[in-house]
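Trainee: Residue-level listing of the chains:
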Amino acid sequence: MSEMNLNHSENPVQAILDFLSSLESGDFSKCLSRSQEPNIFSPIIDKLNQFRKTLQVQAENAIAQGRYSEIFFRAMIDSPKEIMVFALDRDFRYLAFNPSHKQTMKAIWGFDIERGMNMLNVIRNESDRKKAQKNFERALSGDHFVLTEKYGDSALKRHFWEDIYSPIYDEEQQIIGLTVYAIDITERKQAENELIASRAAVELAKNRTIFLDLAAHELRNPVAAMSVLLQLVQKQTEKGQPINPTMIARLRDPVNRLTHLVVDLLDVSRLERGLMLLRPVPGNIVALISNGIDEFQLRFPKRRFSFIKPHQIIEFHFDPVRISQVFSNLLDNASKFTPDNSLIEITVASLPSVIRVSVMDCGPGIPKAQVATLFDAFSRGSSGAVIRSSGLGLGLSICRGIMEQHGGTIGVASEQGQGSCFYFEFPKKGS
Amino acid sequence: MIKTKDSTSKIILIVEDDSNILFALSLFLEGEGYTVFGAENGLVALHLLREHGMPHLILLDMVMPVMDGWAFAQEFSALYNDQAPIIITTGAADAEQRARDIGAASWIGKPYDLDDLLKMIQKYER
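As you go down the protein sequences, you meet chains A and B in turn. According to our numbering, numbering within the first sequence proceeds without interruption in unit steps and concludes at 431. According to our numbering, numbering within the second sequence proceeds without interruption in unit steps and concludes at 126.
FYI, nobody ran anything at the bench for these hints, they're computed from the structure. Not one of these hints is a red herring.
In silico SDA-like cross-links for lysine to any residue, where the CA-CA straight-line distance does not exceed 20 Å:
1. A:Lys239 with B:Asp113
2. A:Lys131 with A:Asp163
3. A:Lys189 with A:Phe160
4. A:Lys239 with B:Glu30
5. A:Lys239 with B:Leu114
6. A:Lys134 with A:Gly152
7. A:Lys309 with A:Leu351
8. A:Lys235 with B:Gln122
9. A:Lys235 with B:Gly33
10. A:Lys239 with B:Asp115
11. A:Lys239 with B:Glu32
12. A:Lys239 with B:Gly33
Residues from chain A that keep clear of chain B, each with C-beta distances beyond 10 Å, as calculated:
13. Arg124
14. Asp184
15. Glu187
16. Glu194
17. Arg208
18. Arg279
19. Gln312
Derived coverage of chain A by chain B (criterion: at least 3 residues anywhere in the stretch with Cβ under 8 Å from a Cβ of chain B; other residues may be distant):
20. 214-221
21. 231-243
Values in this document were obtained by computation on a predicted structure and should not be read as measured data. All residues carry an ideal CB built from backbone N, CA and C; glycine is no exception.
Looking at chain B on its own, in the form it has when it is part of the complex (with noise of 0.2 Å):
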């Protein structure tokens, strides 16, 4: 788990498990003034949102090891009633159907231009 804190920061959670995605994300949604807390399954998002409470936003890969996007995005609208907006970060062909299927905001295609997740997340942040 990556954590920085920044009182006036908005906070983004990712959930990711490519350690490599994780470690760039953060570093560079961190230098542009975010607070990041990382989580690379479903499982460790879940425990980090009863730790932390609810994040601006969250990032959410969908094929991971434990408990995956579909489990973790169901188990968030059962707990928390979609309190946070969802954009899915994925490399399948069905990405738009699986946004849809969750309750997504939005997607992104993986691999992704950093500039265009920076201002997807800027558009959907509440």
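Excised from the complex, chain A in its bound form (with noise of 0.2 Å):
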């Protein structure tokens, strides 16, 4: 730097030139310095001297903040250990990890993970790989998303996962990797699931507690009949009165009602225990609906059905009993909710995977909150008054066990006010 002389007034240009300088130098307390008496740039350079000092200590606070925000960063990323912090480039390199992360991959696949290393070649389970890949490339894409995972080992020793990817822009806003927060949450989700069995266990036992009203109810009533009819047989017989016919007619319609009672449920004690063994035989499906059709047309004279069937014969193993049970309790619920001269269409199809036999009705349909619980023995929506074969709600419980010990499905589609489709299917051999 060169000498500066402050003192020479008589050139006031070359003085502010060497203030100048000095000051691009930013050593301008020389200035002061150097000087031993006042002159006109005494005030300034005071002041910069304020302002340097302040600068200084700025700067001094700048440095030691930046060395506590580097410990608090790692700290925080480094302490809680069922918190998983990474970050990988564009092309799934780790830019960053925190020891966490590495001692889970390691824990998990076996690999000592490092920077610059590719995170899908670490994991080994393909179908985890597939996952990480398309939330990676979803997050590249500039989606902050959270989801709730299950990644783990091969064994199966799985955790639930709350997962936070965002994306890393750069200063000109383009997107040059991604970090994931990952928080190990399996004790929070054992919590939930029990929490939701336990709940479930409540449900199951307020239901079997309806049931059992219900149970109760739908077996005292034809007992009730029972009883009364008995006692006026013998009331007439004491009295040396001839025994009423109609009486001892009556009283099959209650003992029918109390023997479907108790076949339904032994149906279902044995479907719930695994004790219901089919009889299955080579039989023609198209024949046993037919004849079914028949016996219903007979019972249910005002209803019209109509038989949709292909051509050819369809024959496979079936238990023609239990096959018959199904499509009567499907016919049955048509023809009791379908008015007077209304269609009911039958049909066996054939298609690609499966043999399909359905049921369409032209009732009133089914509510969609108890569509799903239908098939359910013990649920509610059985238990309301929608559809009965036995007055227990049981009937399509039990369809649903036949069907399934048949390899084969049952199920409906129902809209309120629109009627409601029944249907069983049978899987293809091969398919």
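Since each chain sits alone in its own frame, please combine them into the complex, following the hints.
Mentor: Right under this line is the structure:
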């Protein structure tokens, strides 16, 4: 730096130039130290000196803060063992990760991850890898999102994670990678699952109580009818009157109802304990359905039954007694809920992978809320008066059990006010 | 609907959806000298009340389609100011509570003894 003479007031231009170059060098403190006596720049130099000191303090603070932020940042991402943090570049290579992530990857996949390593190469489970890649690509497309996911090793020691995915932007707002914060929520999830299970148990207990009430009511009515009829017969006999044959005939009805109830209860019990044994024989499903329709036409002469069937014989192994039971149950419901003179359409169709039997009615349909539990034995839906075969609402759950035993399914498509289409399906061999 | 007429006998209205119980009870009570009107639900019972006037007693089942025992009792109370005593016949565990709820004179659980029922009818009929 050139030596300055700040006293030469006779040349103010030179003085200003000297001053400016001292400012440029940043060493303006010398200006004051070297001057022996006050001059025209003294007040400015004093101000600048103060400013320099302030800047110096601020710079020291900034350095200290920077050091602290780094310490804080490290502590923040390192300490909680259940939180994993990592950052990847656009090619899924590690930019950074915390020790918790490193330990977890080692524990699950046996790899010591390093910066620059492609994370997807470390995940050895294919479906986990595909899932991870999909999420990374979503973050790289600019999406911030949170997912609850299950990841873990092939020995199925899987943990639940709450994963927060975010893209990383550079100064030009270009996405250069992504970060993932993964919080291990396994314990929370377990607690939630236990709560759900205990709620389900309470619900089941409640439903069983409702079912028992219903069963008691349904059993008591035929018993009460039999009791009254028999007491009357007894009284007539005691009085030496001839027995009214109508009363004896009327006994048949409650006895039949009781028999149905007991048979249904037995079926449910057998199905629940896996004791229902099928007797499958080769049979023609079209003939079985056709016979069933004929029977119902006699029982319900005011309903119109239409049968759409394939031309060929469809023959395979099934239990004809149980499948008749399933079909009768569906046709019985359809007949009860269809007004006089309206159509019930039965279809047997050979589809690419299944043989399907469907029963479509013009009844009132089933509210959406009840469809979900329609085939459950002890559900609230089945305890309602919507669809019953025995009065206990067990019919459809028995049908489901029978179809499952055949490797098939049963279902319904229904909308309130639009009628219902119940169907059951058998898988085709080899499909 | 089952209907028998006798100008001197007392009238019982049976509201019961089980046709066998309705049939046998009617036969029994007719044998005991009553005139019996039978209705398979509350709505039919209200119609019979309009047509034939007040009975001396009502035997009321609770769980029925179309209009159940509770709804009938409410209507009966509002329209006729409980002019006839009601005995409820029910298979429910909380029969006594049900009887109190609808202001019934008494209750009898299903299945019941016909002689017990007859005694109860004789006690409460007007």
